[in-house]
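K.L.:
Residue strings, one per chain:
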Amino acid sequence: MSDTNEPDDFLPDEPLALPLDAWHRARGARMVPFAGYLMPIQYEGIMAEHLWTRESAGLFDVSHMGQLILSGDGVDAALEALVPADIAGLGEGRQRYSLLLAEDGGILDDLMIARAPMGLYLVVNGAMKWDDIGHLREHLPDDITISHLEDRALLALQGPKAVDALKRVVPGVDTLSFMEAGSFFWGLEPLWISRSGYTGEDGFEISLPAAHVSEFCDRLCAEPEVKPIGLGARDSLRLEAGLPLYGHDLDETINPVEADLGFALSKRRRAEGGFPGAATILKAHAEGAARRRVGLRIEGKMPVRESAEIFSGADKVGVVTSGGFAPSVGAPIAMGYVATPLAAPGTALEAEVRGKRVALTVTSMPFIPHRYHRKGAAQ
Amino acid sequence: MTRYFTAEHEWIDVDGNTATVGITDYAQSQLGDIVFVETPASGTRVTKGGDAAVVESVKAASDVYAPVSGTVSEGNDALADDPALVNSDPEGEGWFFKLTLDDPSELDGLMDDAAYQAFIAGL
Chain A
21 MSDTNEPDDF LPDEPLALPL DAWHRARGAR MVPFAGYLMP IQYEGIMAEH LWTRESAGLF
81 DVSHMGQLIL SGDGVDAALE ALVPADIAGL GEGRQRYSLL LAEDGGILDD LMIARAPMGL
141 YLVVNGAMKW DDIGHLREHL PDDITISHLE DRALLALQGP KAVDALKRVV PGVDTLSFME
201 AGSFFWGLEP LWISRSGYTG EDGFEISLPA AHVSEFCDRL CAEPEVKPIG LGARDSLRLE
261 AGLPLYGHDL DETINPVEAD LGFALSKRRR AEGGFPGAAT ILKAHAEGAA RRRVGLRIEG
321 KMPVRESAEI FSGADKVGVV TSGGFAPSVG APIAMGYVAT PLAAPGTALE AEVRGKRVAL
381 TVTSMPFIPH RYHRKGAAQ
Chain B
39 MTRYFTAEHE WIDVDGNTAT VGITDYAQSQ LGDIVFVETP ASGTRVTKGG DAAVVESVKA
99 ASDVYAPVSG TVSEGNDALA DDPALVNSDP EGEGWFFKLT LDDPSELDGL MDDAAYQAFI
159 AGL
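Chains as they are written, first to last, in our numbering: chain A, 21 to 399; chain B, 39 to 161.
For lysine-lysine, the following DSSO-like pairs were computed, each having C-alpha atoms within a straight-line distance of at most 27 Å:
id : chain 1 : residue 1 : chain 2 : residue 2
1  : A       : Lys395    : A       : Lys187
2  : A       : Lys336    : A       : Lys376
3  : A       : Lys287    : A       : Lys303
4  : B       : Lys136    : A       : Lys321
5  : B       : Lys86     : A       : Lys376
6  : B       : Lys136    : A       : Lys376
7  : A       : Lys187    : A       : Lys247
8  : A       : Lys376    : A       : Lys321
9  : B       : Lys86     : B       : Lys136
Now the in silico label distances, taken between C-beta atoms and shown as ranges:
id : chain 1 : residue 1 : chain 2 : residue 2 : range
10 : B       : Thr138    : A       : Gly320    : 21 to 31 Å
11 : A       : Ile153    : B       : Asp141    : 51 to 61 Å
12 : A       : Ala364    : B       : Pro142    : 53 to 63 Å
13 : B       : Leu161    : A       : Arg374    : 25 to 35 Å
14 : A       : Gly320    : B       : Asp140    : 24 to 34 Å
15 : B       : Ser111    : A       : Asp271    : 39 to 49 Å
Only some residues are given here: those of chain B computed to face chain A with a beta carbon under 10 Å:
id : residue
16 : Gly70
17 : Asp71
18 : Lys97
19 : Ala98
20 : Ala99
21 : Asp119
22 : Asn125
Everything labelled a hint here was simulated from the structure, so no lab data went into it. Computed from a predicted model, the values in this text were never measured in an experiment. All C-beta atoms in this analysis are idealised placements derived from N, C-alpha and C, irrespective of residue type, glycine included.
Work the whole structure out from these sequences, hints included.
P.N.:
Written out as structure tokens, the structure reads:
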């Protein structure tokens with residue numbers, strides 16, 4: 021027996037330990053190399069951890085991700101030259117999803133940007149962070165300071181009961197709405213917390229000093245709603261939520277319109293342009309792109325995974341970029357890119373897996389409805 | 039009946055010229071939740087060390103190799119409806135396929151239970 025498609029995010033050098041390494045091992049985690057670090061793929065099992073997060077609260081260690089602060093005069097305009105988000109209009113304590121773009125409109129990384137007291141707080145993908153820092157340093161003016169917060173850990177607490185558990189440990193977090201962020205304290209330790217995540221559930225992302233993260237995780241896991249959850253369930257949860265994963269569903273050959281991330285093109289930026297690849301991206305936004313990221317439901321039980329080719333009759337019309345068994349759906353699901361004329365929900369297609377054809381149906385995403393805590397929405 | 043094990047974590051129960059093949063408890067514990075199993079159809083020719091079946095967990099697809107060469111006489115149909123049998127009873131109800139051996143001397147060099155337990159203890 022041997023794995024034929026292990027995660028391919030491995031970097032060549034010896035993987036590094038993160039601040040919670042011993043904490044994970046003490047809780048029975050199986051550690052695997054991911055994005056240059058040893059990370060917990062699972063504790064009790066992906067299925068149970070996935071379902072626990074959907075019904076209660078799951079604690080994820082995402083300390084491999086890059087946390088950056090950009091500061092200096094003119095930082096808003098400087099960053100706007102590299103991303104299609106309206107940064108000038110980003111109020112204190114607000115967070116936005118955005119994309120670091122190449123000159124041809126390809127996606128170099130996806131990231132979160134929040135307005136923090138010290139400057140713009142960015143969270144970028146772990147596997148891309150060194151490239152991102154290099155790109156930012158090369159393209160931002162010299163008087164913009166980039167601080168890489170390497171002494172801070174990052175946690176995500178996700179699920180419908182995340183708010184109940186976290187507000188007992190950090191009073192006041194329940195005042196945040198989806199995509200809001202703010203400064204909080206745990207004892208004397210400063211926390212930066214946003215109401216956001218990567219599961220489709222309500223939840224929080226918590227930045228804190230690495231020196232105190234083990235103690236903080238112990239405190240969170242003392243709440244009955246909270247269990248630690250590994251990377252395996254993080255992947256199945258985000259797939260059900262229809263959220264793309266950089267390096268799989270997004271890369272430098274794909275532009276934001278193809279990726280169905282038009283919402284990341286802020287209205288003012290669409291009107292004014294001035295971001296990398298604006299001409300290409302705005303043309304695609306107005307006229308449509310040749311291919312589009314779609315959700316795929318799969319007939320039968322056999323998972324259709326990344327790299328499977330998609331066919332309409334004899335014609336190859338696309339490729340699967342993420343796929344696997346979806347515990348909350350109870351069936352395999354996938355996402356991938358297909359030619360735009362075949363991207364309408366309900367379109368019948370086929371994928372090829374180990375030389376056999378499997379029936380697919382294009383579907384709208386998410387597969388499991390998002391349950392974000394939006395401002396002004398009924399509670 | 040004698041049970042042998044491979045370094046790729048298959049087990050094989052041999053009774054004369056016929057044998058039953060599955061994956062070990064260690065293998066299923068490493069894979070985690072099994073969501074799909076593809077077993078070979080009756081009449082399929084398999085060769086020692088070659089692909090014989092596929093087992094898929096939530097995370098990944100893995101090949102299952104034939105411990106010896108032979109002709110498949112039966113795949114375990116129960117796994118189509120209940121792939122989790124591989125988790126709950128990997129070395130019993132969760133068997134993958136039965137085959138007729140080409141050459142029983144191919145069993146030489148496979149591990150017995152004690153050797154396999156020592157092997158996985160060293161992993």
